[in-house]
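S.K.: With these hints in hand, go ahead and build the complete structure from the sequences.
Going down the list, the sequences are from chains U, S, Y and L. Each residue of the first sequence is one higher than the last, beginning at 0 in numbering that gives the first Met the number 0. Each residue of the second sequence is one higher than the last, beginning at 0 in numbering that gives the first Met the number 0. Each residue of the third sequence is one higher than the last, beginning at 0 in numbering that gives the first Met the number 0. Each residue of the fourth sequence is one higher than the last, beginning at 0 in numbering that gives the first Met the number 0.
If you are wondering where the hints come from, they were derived from the structure by calculation, not from laboratory data. Mixed in with the good hints there might be a few duds.
Claimed, not checked - Once the Cα atoms are required to be at most 20 Å apart in a straight line, the calculated SDA-like pairs of lysine to any residue come out as: (1) U:K346 <-> L:A208; (2) Y:K168 <-> Y:L148; (3) L:K3 <-> Y:E131; (4) U:K207 <-> U:F144; (5) U:K3 <-> S:V135; (6) Y:K48 <-> Y:Q327; (7) Y:K3 <-> L:E131; (8) Y:K168 <-> Y:A182; (9) U:K346 <-> L:K207; (10) U:K48 <-> S:A18; (11) U:K3 <-> S:T114; (12) S:K207 <-> Y:V355; (13) S:K207 <-> Y:E354; (14) L:K3 <-> Y:S108; (15) L:K168 <-> L:E136; (16) U:K168 <-> U:R102; (17) L:K3 <-> L:A15; (18) L:K3 <-> Y:K168.
There are 4 protein chains.
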Amino acid sequence: MKKKSRFLHTPVEPFAVEAGLTADQLLLRMERISFQGRNLATAYRVWNKMLQDDVTIFLGMAGALSAGGLRLIVAHLIANRYVDCLVSTGANLYHDLHETRGRRHYVGSPHVDDTTLADERIDRVYDTFASEEEFVENDNWIADFTASLETRPYTTREFLHLLGGHLWKTTGRDGILTAAYRANVPIFCPAIADSSIGMGISQARQRKADTGLIDIIGDVVESANLIIRRPRTASIVLGGGTPKNFINQASVQAEFYCAEVSGHRYALQIVTDVPHFGGASGSSLEEAQSWGKLAADAARVSVQSDATIALPILVSALAATAPPLLGQRKMPVFTLTSRVMTIDGQKVPHDHFEEVNEPAV
Amino acid sequence: MKKKSRFLHTPVEPFAVEAGLTADQLLLRMERISFQGRNLATAYRVWNKMLQDDVTIFLGMAGALSAGGLRLIVAHLIANRYVDCLVSTGANLYHDLHETRGRRHYVGSPHVDDTTLADERIDRVYDTFASEEEFVENDNWIADFTASLETRPYTTREFLHLLGGHLWKTTGRDGILTAAYRANVPIFCPAIADSSIGMGISQARQRKADTGLIDIIGDVVESANLIIRRPRTASIVLGGGTPKNFINQASVQAEFYCAEVSGHRYALQIVTDVPHFGGASGSSLEEAQSWGKLAADAARVSVQSDATIALPILVSALAATAPPLLGQRKMPVFTLTSRVMTIDGQKVPHDHFEEVNEPAV
Amino acid sequence: MKKKSRFLHTPVEPFAVEAGLTADQLLLRMERISFQGRNLATAYRVWNKMLQDDVTIFLGMAGALSAGGLRLIVAHLIANRYVDCLVSTGANLYHDLHETRGRRHYVGSPHVDDTTLADERIDRVYDTFASEEEFVENDNWIADFTASLETRPYTTREFLHLLGGHLWKTTGRDGILTAAYRANVPIFCPAIADSSIGMGISQARQRKADTGLIDIIGDVVESANLIIRRPRTASIVLGGGTPKNFINQASVQAEFYCAEVSGHRYALQIVTDVPHFGGASGSSLEEAQSWGKLAADAARVSVQSDATIALPILVSALAATAPPLLGQRKMPVFTLTSRVMTIDGQKVPHDHFEEVNEPAV
Amino acid sequence: MKKKSRFLHTPVEPFAVEAGLTADQLLLRMERISFQGRNLATAYRVWNKMLQDDVTIFLGMAGALSAGGLRLIVAHLIANRYVDCLVSTGANLYHDLHETRGRRHYVGSPHVDDTTLADERIDRVYDTFASEEEFVENDNWIADFTASLETRPYTTREFLHLLGGHLWKTTGRDGILTAAYRANVPIFCPAIADSSIGMGISQARQRKADTGLIDIIGDVVESANLIIRRPRTASIVLGGGTPKNFINQASVQAEFYCAEVSGHRYALQIVTDVPHFGGASGSSLEEAQSWGKLAADAARVSVQSDATIALPILVSALAATAPPLLGQRKMPVFTLTSRVMTIDGQKVPHDHFEEVNEPAV
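M.R.: Below, the structure is given as structure tokens:
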């Protein structure tokens, strides 16, 4: 009999239907099907693997995930330290704050007349509605908080930790900002100006002209120094956008000052954008290797799916198998309450990069 | 206090992570999140509802679902009569036959050199590989079977039932074709010429010049008559393509000869194509209403997702809750072994439409 | 000075704005930009190259291109023999026939209430409307024509040539079907049953029960024999679907019986589907090489764009530069009026494949 | 004869091929086809209309447009005041600076081994390559410039104007930054921290620890005040991202302090993202109306296309017809060289919003 080609090694195993399968069992059965189903199962395997390795895990989130009902999943990931550092768009933090403050988003429909919604001051996010009036009230709340701070520059990391603390103290409710506050997980928000959080901060200047000075360049320095301090990293990205790029540039920037850094060891992205239009959101993890954002031998997987489908399943599956791994994780310990954060007891400067050895160039 | 807007009625309920959730529990928790996650949960609800109503359920499938590991899910849906009639591309039936005959598809990668694969005679379907040699052998098998048939026209419905029977007798294995044969579920394949099934049939002419006459127009007539005989219908579509349109045109054609027909009562589609390029695969279910393909008050949902993610979860969930409903379903009974099929004991002509009342125009 | 990397050879040349640029000048300036703009410029170059080579050029079209205003572009390509053989969905031929018969499609909007349209019997194709009543009248016209034919099997190639002739005689108007009739360009329609053309044919059985027997397997044989007779080919595909696969399988099937055939020498596709869901419409031209659908050294380009943007520009550019090439093309000459077609004076059987040498396996 | 439906008013006019058509003639012929071709033609009409109205025109750009060869188109739009204010991602400004400094991007391929590229220090953007070494050198150049500035907060608007001036003085070359400098067109970059511009600025802290303080909240205030000063606006968006949202929030924020503001009067977006995943990049212009980002009666059009195809054609067409309109435009006049910018001679504060009347709530 003829020898089988080396390319015909592992057969596709058709998914067998069975009642009562749990999320983790579902994903195990999807490991040997094809296309994005297989990729989702691989994402589960890669995340489990990350948790067993000694890496700092970054989570990036873009897209309307908080408004869309995923904020408590992200809070769960933070609280249980499936991840060590969050990079988010401002909108996701704002919609999280909205619900933590006791307001809601509402099940709506994409098939409505938007001028009617405008007349009733309802804001639409595809199939989801919210009250503009309540949003205005949030903005005021953020403005008040901002104006209450000492007047000096704040990185988004510091500002968001303080905001999370204030939110926790006034509400005592679970959410992304409050979970990160309580678990001492840093949040970076590189595009904070481009969000309702930014709008709220800007309105603080109506109360105090010199308030609301956000040191986003400090965030760039801090995020790179985090990696210089602890060079082995992993990247989990939901939806692309500025968080995806910020997490990658932190690694590239860190490598510039510390040769030991050499790209993320693990990379997992759940995106709906595609590579062939050249945008960063849809760029492939292979492309990331050319830039050194990703190690040459990194375990990586890209899942082409709306996160509102992929994430509930993926994290439900992890909830079944990850707890013992989480118990043994060697995770970084942060202090976040002041202008200078620390990781594992070491200061993480925002005013210069730590040069661990000669720059690579 | 101010009255809430009528648009702010049902709050989004953030997904709460919990270990051990089963597929049906997952989908229940996704009912009040947003975007495609909510749509997938709605699909579960709509399918459950269909099963409780007295409707003939059509399932359309396009895309490489069989090669991609979903063929036993479809076989399960047929065997347990979640659906009453399958409309498929030829490729899905061919790849099903390939595995039922004991061959396999293989876990591959999209990052390979395709000229190397060509040299080794490996055919690639994105991240999945197969042996061309085995495919050639299937073609011969189909050609032999075709040449063994009496020389006369066959609808794809008749041909595929006979093929399924032959396959069952020679292999005794589960699959789409064999499940449909055993459950007496008709399969239509409107584009059979555009597939390796069609290639196999065409090769039968090398053995017998006048063989392989497929009466696809007979399929058009039969499928419409099925609906004229039993006017309440539902449509489930995976991936668009010719099956989506064929199921819809059967309804439109039936309405032409029977005023009682008035579009599908339920419609559920899982697609990755989008509406704004005008193609039928991505067309919205709302657009379908303009054509009368769908009843004005039809329960409907469109899920934008790769079927390899959505279908395993959806059918696993159904497996938990549908069995009692399946036991009580009033489903149509078919005979399929000859040129003229029957439904519920009545002949379904292929040579003229049953005119139940005056044509609408 | 350091040597430049071999990867940094041809600089991107930013597009320079200038008034009065013609379509071909626009595309020349897009040759050295990036992403899909570059690909569209490359498509122009590849098509020009095809026209200078001795190849049979297949054109596949799927998606609502005729309803969407591109039918006279396709008619122009046929009449001027930019292409030698058309493979189309039924819908594109139907909507072409609709306009050639003097009816129109109408500029509409995707933001309308579809139940209102249904009430007024308006059918919607995304942003385009048509009268259902006029469609019903077309169906009758097709049914009458079909019933007028001698009762025997017809390939779609023969049927569509006769239909085009009848249409030309009764209307004298330009269109796809009439241009193909007048230029003796064959049209294959592998999924004819899945279209209003198929619906019209099926209605002929109401007049004559044994009419409308379409020999689609004959089309499979003929299309492969065309390639066996003239093994050098090119493939241009608009929108994927059954035409894309049919053109490719013809080449694969032909190679089975004639070793000289070895995949298309040129391949150009304009698609909006993506590869990563595994469907054939979005499959890459690299993947096609693994199957032998495409020669290993084929000039190829895939443009990710709606054809309603890409095609008007591309063909307008060709209209400026192609005419001298068209005058010198060695194109195949067909006769199409009977059950057996000819190419360059040789018969093209529909009842067996021409075996030019031993089968490859 | 029966009355035509009101929905069947303007017939689709099939595109007629003709040699020698210029870009504007092409788009005029695409006005009455369908789908995205029609939308592109509508975009041309809407932009022409904007230029005849008394509106401040914002241009947003995201995606790798500068690296991809479109930077001189954007520079042309700025220099000739087709637009009045640019909002950009940092990457587009960085890749513009790279080429203005005499470096190049290179025609590459998506089918390469990225680890090989990494070894040769080539960075890939889909099908485009660049030298990492040259990028490092840019970063240094930006760091030097940043460190040379007086130590105080800078809005991105002020910083980028100064950077453009420095670039113009040292190179004398055309580009986005230099054109904006010379034309006194403000550039906002809300996510500047998330880009190589941000990386360059951050590296300035290695030279001077307290440098590089970017006041992005000042940008939020300034951009809203621009609209308060001149309430009629238009929005042109390429590719979504932070620029799209920033332009819209400026309008929403402005309306909060000035009731006369009521959303953009014109909106034109060229995007590849889709609405149904809920992200802001793909969100529809109808959804924008629910938020008041867009006036209820705004002329608007969304084109689903890669900008590398749509923009060269669109701007080439405008170049033929816009010049007389540009000559008569009532455009805002800016001064940008200091911490406080002016529009039409009036100061635009960055430290408080101008309250033209009582806040809406």
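S.K.: State for each hint whether it applies.
M.R.: Results of checking the hints against the structure:
1. U:K346 <-> L:A208: Holds. U:K346 to L:A208 sits at ~15 Å (cutoff 20 Å).
2. Y:K168 <-> Y:L148: holds, 16 Å
3. L:K3 <-> Y:E131: holds, 12 Å
4. U:K207 <-> U:F144: With Cα atoms ~12 Å apart, U:K207 and U:F144 stay inside 20 Å; holds.
5. U:K3 <-> S:V135: Holds - the C-alpha atoms of S:V135 and U:K3 are around 16 Å apart, at most 20 Å.
6. Y:K48 <-> Y:Q327: holds, 13 Å
7. Y:K3 <-> L:E131: Roughly 12 Å between the alpha carbons, so the hint for Y:K3 and L:E131 holds.
8. Y:K168 <-> Y:A182: holds, 14 Å
9. U:K346 <-> L:K207: Roughly 19 Å separates the two Cα atoms, so the pair holds.
10. U:K48 <-> S:A18: holds, 19 Å
11. U:K3 <-> S:T114: With a Cα-Cα distance of about 18 Å, the restraint between U:K3 and S:T114 holds, given a limit of 20 Å.
12. S:K207 <-> Y:V355: holds, 19 Å
13. S:K207 <-> Y:E354: Distance of about 15 Å is within 20 Å: holds.
14. L:K3 <-> Y:S108: holds, 17 Å
15. L:K168 <-> L:E136: With a Cα-Cα distance of about 18 Å, the restraint between L:K168 and L:E136 holds, given a limit of 20 Å.
16. U:K168 <-> U:R102: Judged against 20 Å, a Cα distance of about 17 Å means the pair holds.
17. L:K3 <-> L:A15: The hint is violated at about 26 Å.
18. L:K3 <-> Y:K168: With Cα atoms ~28 Å apart, L:K3 and Y:K168 exceed 20 Å; violated.
Hint compliance for this structure: hints 17, 18 are not met, and every other hint is.
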